[in-house]
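Number of protein chains: 2
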Amino acid sequence: MRVFICGFGTVGQGFCEVLAARRQFLIDRYGEPVTVVGAMDSKTYAYNPNGFDPLELVSVKQGTGRVGTETYQDSVEVLSGAEFDILVEVSPTDVKTGGAGLRNIEYALGNGKDVITVNKGPLALKFRHLIDLAESNGCCLRFEGSVGGAMPIINLCRDNLAGERIESIRGIFNGTCNFILSKMDTGQPFEQVLKEAQQMGYAETDPTNDIEGYDSACKVVILANAVFGRDVTFNDVRITGITSITEDAISLAASHNMVIRLIGEVSESKLEVGPRLVPRGHPLGISGTLNTAQILSDLAGPVTVTGRGAGRIETASAILSDLISIMDERARRR
Amino acid sequence: MRVFICGFGTVGQGFCEVLAARRQFLIDRYGEPVTVVGAMDSKTYAYNPNGFDPLELVSVKQGTGRVGTETYQDSVEVLSGAEFDILVEVSPTDVKTGGAGLRNIEYALGNGKDVITVNKGPLALKFRHLIDLAESNGCCLRFEGSVGGAMPIINLCRDNLAGERIESIRGIFNGTCNFILSKMDTGQPFEQVLKEAQQMGYAETDPTNDIEGYDSACKVVILANAVFGRDVTFNDVRITGITSITEDAISLAASHNMVIRLIGEVSESKLEVGPRLVPRGHPLGISGTLNTAQILSDLAGPVTVTGRGAGRIETASAILSDLISIMDERARRR
Chain A
1281 MRVFICGFGT VGQGFCEVLA ARRQFLIDRY GEPVTVVGAM DSKTYAYNPN
1331 GFDPLELVSV KQGTGRVGTE TYQDSVEVLS GAEFDILVEV SPTDVKTGGA
1381 GLRNIEYALG NGKDVITVNK GPLALKFRHL IDLAESNGCC LRFEGSVGGA
1431 MPIINLCRDN LAGERIESIR GIFNGTCNFI LSKMDTGQPF EQVLKEAQQM
1481 GYAETDPTND IEGYDSACKV VILANAVFGR DVTFNDVRIT GITSITEDAI
1531 SLAASHNMVI RLIGEVSESK LEVGPRLVPR GHPLGISGTL NTAQILSDLA
1581 GPVTVTGRGA GRIETASAIL SDLISIMDER ARRR
Chain B
1281 MRVFICGFGT VGQGFCEVLA ARRQFLIDRY GEPVTVVGAM DSKTYAYNPN
1331 GFDPLELVSV KQGTGRVGTE TYQDSVEVLS GAEFDILVEV SPTDVKTGGA
1381 GLRNIEYALG NGKDVITVNK GPLALKFRHL IDLAESNGCC LRFEGSVGGA
1431 MPIINLCRDN LAGERIESIR GIFNGTCNFI LSKMDTGQPF EQVLKEAQQM
1481 GYAETDPTND IEGYDSACKV VILANAVFGR DVTFNDVRIT GITSITEDAI
1531 SLAASHNMVI RLIGEVSESK LEVGPRLVPR GHPLGISGTL NTAQILSDLA
1581 GPVTVTGRGA GRIETASAIL SDLISIMDER ARRR
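Quick mapping for you: the protein sequence lines, in order, are chains A and B.
Per this note's numbering, residue 1281 is the first one in the first sequence, and the count goes up by one each step.
Per this note's numbering, residue 1281 is the first one in the second sequence, and the count goes up by one each step.
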């Protein structure tokens, strides 16, 4: 199986490390190795039909700042000159236009390649179009890592809960906000905790995307489209961030044995992100940088999943999960 | 697809209700209905090769106390006189000998039938033997509902986390104990809360099996065998129950921002059930009758799942999940 990786930042490199660590496992399971034949960062690419040592690619990137020696203008041109079976699209997300990621995914699906992505932009903007493209070309589009990182949710709903009527999903989809809010539980004010989050690398210098709820909104859109079969985009979400949460609000909640968390909510009719009261001890009342989601369905009742929403290897593990699911599917079709 | 249901108590009846509710869904997905051709309670059985209305079976059982008009001595004799594809074995659990459930499962697997069970006895006593029997006869043995009811864990580890090296699983596998311990968090003594649990139907008149940790131990054994490939039985588990947890212990924990929960722990080398300190806000620190499990693996890190550990429809939903998984498998093999 030949893989082309678009985007060679943290996640792309993490995926190479995961592939190296699971090389023998994949050979044992499928009778053939998974080979990285190509990798592309924002300016350069490397392509070799015989495959690269994935750790060598990581080491080149870390040493030179570039994954390859060839430069390019048009990523699709690079892809169309390469032979591969699966595109792993993990380039930086662009929620306004979908960016190069959208064009890469469109190219791959349009040419019968399976796609695994964690790139939220294309999924939040053009979900229905991409799913239709995958179906009409008989290939798979998988995106487990796009919501909640290593927290299993998309494939869980599709496979394990296939017989359920899922009524709603409510969850914490942004670890930065959850870190801030749960630190505020201990009496610290918003501004101070935000600074701490920035110092620890949990929040970016411009934290808008996280604290205004935009990142959570992307995830809610993906769930609405993937799990509820809706056809919505980022602009359809009612979003409230956490910047106006005061210490007073937190202590008032605490006096009722509650905590405040930034909750994304999605159902057939709902599409919201905003601060909500959660009882202490409730599965959604977790602290720290974790992500969590409560799936409410008619038979199973509430099922909650919790996991690391980000991280080099954690996100790559979700890509591995999608890769295994695609390769299982291919093995059965033979 | 023809199903024979052994055991027609809460779960067997719940499964019939679920099958009735999902009749059209299953026809749409597989192009054929799932038909209940037989059902057996502790004394009687009903068999009709053309199938029953599953709700009618429930209504007969509820009206007469018996599922059928025929009585039997030997359940295996009944099964061997019937034609079916999948055995749903949900008869009362017998952790000492495995009881009729063990013999029913052995018969079915030995004769090439797939088996779905939530019966912990046979799984906690003869796991390796049953898995080998399934493999050598080319059929499936599924048991999602045997651990944590509607909480997805067995199939999650096998499918979604297939690429992970699972290092340990720690969890709350008994809702009765968790109800008691989380009620004690509010300052009530053990004996009083136990009485309340009995009044509310959460604890049995003889609560030994729950509060001494025996029920949790069965689940830990199933996980050890199913997820870690071990070959252990109930007697290998180091078990401490919750009867000696005092109000003082609970308040001491609270003063350190911790709660006490009955945790089952399993890994390559560990097999324990006992009360443990859990930080407030930790995914394992949940309150109420829920079950939860934290799966620690090398790539994804900690993944926690939470759900209803028991209940008529909830447990039946886990059986439905297994049924779909088996039927997907069969559909692909065609």
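Because the hints were derived from the structure by calculation, they are not lab data.
Heads up, a few of these hints could be off.
When chains are identical, the list treats them as one kind, so a pair holds in a single copy or across two.
Below, in silico cross-link-like pairs of lysine to any residue (SDA-like), each with a Cα-Cα straight-line distance of 25 Å or less [stated by the list, open to error]:
{"no.": "1", "residue 1": "Lys1475", "residue 2": "Ser1524"}
{"no.": "2", "residue 1": "Lys1376", "residue 2": "Gly1467"}
{"no.": "3", "residue 1": "Lys1550", "residue 2": "Ser1322"}
{"no.": "4", "residue 1": "Lys1463", "residue 2": "Ala1533"}
{"no.": "5", "residue 1": "Lys1475", "residue 2": "Gly1561"}
{"no.": "6", "residue 1": "Lys1406", "residue 2": "Phe1508"}
{"no.": "7", "residue 1": "Lys1376", "residue 2": "Gln1479"}
{"no.": "8", "residue 1": "Lys1406", "residue 2": "Met1538"}
{"no.": "9", "residue 1": "Lys1376", "residue 2": "Phe1508"}
{"no.": "10", "residue 1": "Lys1463", "residue 2": "Leu1532"}
{"no.": "11", "residue 1": "Lys1376", "residue 2": "Ser1531"}
{"no.": "12", "residue 1": "Lys1475", "residue 2": "His1562"}
{"no.": "13", "residue 1": "Lys1323", "residue 2": "Arg1518"}
{"no.": "14", "residue 1": "Lys1463", "residue 2": "Ser1567"}
{"no.": "15", "residue 1": "Lys1463", "residue 2": "Arg1560"}
{"no.": "16", "residue 1": "Lys1463", "residue 2": "Thr1513"}
Hints and how they fare:
1. Proximity of Lys1475 to Ser1524 under the C-alpha cut-off of 25 Å is restricted to the intra-copy arrangement: shortest distance 16 Å within a copy versus 45 Å between copies.
2. Taking the closest pair of Cα atoms, Lys1376 and Gly1467 never come within 25 Å of each other, the shortest separation being 37 Å inside a single copy and 53 Å across copies.
3. For the homomeric pair Lys1550 and Ser1322, neither the shortest alpha-carbon distance inside one copy (37 Å) nor that between copies (47 Å) is at most 25 Å.
4. Taking the shortest alpha-carbon separations for Lys1463 and Ala1533, both the intra-copy value of 14 Å and the inter-copy value of 20 Å come in at or below 25 Å.
5. Taking the shortest alpha-carbon separations for Lys1475 and Gly1561, only the inter-copy value of 22 Å comes in at or below 25 Å, while the best intra-copy value is 28 Å.
6. When the C-alpha separation of Lys1406 and Phe1508 is checked against a cutoff of 25 Å, the pair qualifies only within one copy, where the shortest distance is 16 Å, while the shortest distance between copies is 41 Å.
7. When the C-alpha separation of Lys1376 and Gln1479 is checked against a cutoff of 25 Å, the pair qualifies neither within a copy, at 28 Å, nor between copies, at 57 Å.
8. Within a single copy, Lys1406 and Met1538 get their C-alpha atoms no closer than 38 Å, and across copies no closer than 45 Å, so neither meets the 25 Å cut-off.
9. Taking the shortest Cα distances, Lys1376 and Phe1508 sit within 25 Å of each other inside one copy (23 Å), while across copies they are farther apart (45 Å).
10. In this homomeric assembly, Lys1463 and Leu1532 come within 25 Å of each other (Cα to Cα) both inside a single copy, at 16 Å, and across copies, at 23 Å.
11. For the identical chains of this complex, Lys1376 and Ser1531 are neighbours neither inside a copy (37 Å) nor across copies (52 Å), given an alpha-carbon limit of 25 Å.
12. With identical chains, the CA atoms of Lys1475 and His1562 are at most 25 Å apart between copies only, with a shortest distance of 24 Å across copies and 28 Å within one.
13. Neither within a single protomer nor between protomers do Lys1323 and Arg1518 lie at most 25 Å apart by alpha-carbon distance, with minima of 36 Å and 58 Å respectively.
14. Taking the shortest Cα distances, Lys1463 and Ser1567 sit within 25 Å of each other both inside one copy (8 Å) and across copies (21 Å).
15. When the C-alpha separation of Lys1463 and Arg1560 is checked against a cutoff of 25 Å, the pair qualifies both within a copy, at 15 Å, and between copies, at 13 Å.
16. For the identical chains of this complex, Lys1463 and Thr1513 are neighbours neither inside a copy (32 Å) nor across copies (43 Å), given an alpha-carbon limit of 25 Å.
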